[in-house]
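Each chain, letter by letter, is given below.
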Amino acid sequence: MTPTATPVSAPKTATGSRSVTRVVPAVLAAFLGLAVVFIAGHAQSGALHQAAHDVRHSTGFPCH
Amino acid sequence: MFIRILTSGLLAGAAAGLVAALMQFFFVQPVLLHAELYESGQLLHFGPEPRPSAHQDVGGFDPRRDGLSVLFTMLIYTGYAIVVIALMSLAELRGAQVNGRTGLIWGAAGFLVVHLAPGFGLAPELPGAAAGDLTTRQVWWVGTVLATGIAVWLIAFTRSWFGLGAAVALLLTPHLIGAPEPDSFQSPAPSELGALFVARAYGAGLAAWVVAGSLAGFFWSRAAEGTGQTADRKSAH
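In order, the protein sequences belong to chains E and L.
Residue 13 in the working numbering sits at position 13 of the first sequence, and the numbers go up by one each step.
Count along the second sequence from 1, then add 1000; that gives the number in the working numbering.
Think of the hints as simulated: they come from the structure by calculation, not from any bench.
For clarity, every value in this text was computed on a predicted model and none was experimentally measured.
Just to be clear, a hint being listed does not mean it is correct.
As the list claims (entries may be wrong) - Label-pair ranges, simulated between beta-carbon atoms:
1) E/H64 <-> L/G1067: 17 to 27 Å
2) E/S19 <-> L/E1181: 40 to 50 Å
3) L/S1053 <-> E/A35: 43 to 53 Å
Think of the CB as a built atom: it goes at the ideal place given N, C-alpha and C, for glycine as much as any other residue.
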């Protein structure tokens, strides 16, 4: 049983360290993407609303 | 990693946005412009006889208005694609395969999360349609999209009954709470136009999302190959 325990725990540590370097940028990128969607889809400044009007209606965002 | 997510998202989002913009221009915009003739009072649904024809000339290409629509469609789908690729990269950590084919499913799921689920309570509106308070609707929209998104993730990546139960609860809760409704109906446009608009908006949305998901998977897997990440992943399994 002991010999199998070593190879199982080794990849776990590797995955753990790789997780941090992959999770943080992914979360940051997701927030950036959400910000773009919110500005284009939800922000209510006059000019922005006018410019995005047709798209907001067609993509199902609450518009008026 | 961050830059790879952004560049893949930019490519997939811009291409899908272009598809969405073309669908919008040829299929959705004519219905929208037709409804605006009723909204502005140029046409009257129940006016004096004879009733207005169902076939109206709604004008051609308006460079400023349609140009801005193309730009904003591409922006919105780029935002969506970046979020999808970020999530794809996290799913890969859990052992999911990401490529152009599996991306199709991601795209269909994306459509479900940001179009169909909020639209179940707040159907895509024709201009002039009655609706509840804007801020309340936006809050409900965001809440519904988040709850549905988490639910879809749980259905895709959990194997526990608890996870599935939580997913069902998350899917149902926004609709049991109910979307904000208008006090009274006021749309001057015929219901036929409203129904066609919703069908067209959903069709165009699904097409664009499937393209977005597939391209997101494709560009992401290519980017991973370029940096040798795929080989790295394969050897880890």
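Okay, the hints, checked on the actual structure:
no., hint, verdict
1, E/H64 <-> L/G1067: 17 to 27 Å, "holds (22 Å)"
2, E/S19 <-> L/E1181: 40 to 50 Å, "holds (44 Å)"
3, L/S1053 <-> E/A35: 43 to 53 Å, "holds (45 Å)"
When held up to the earlier numbered hints, the structure conflicts with none and fits them all.
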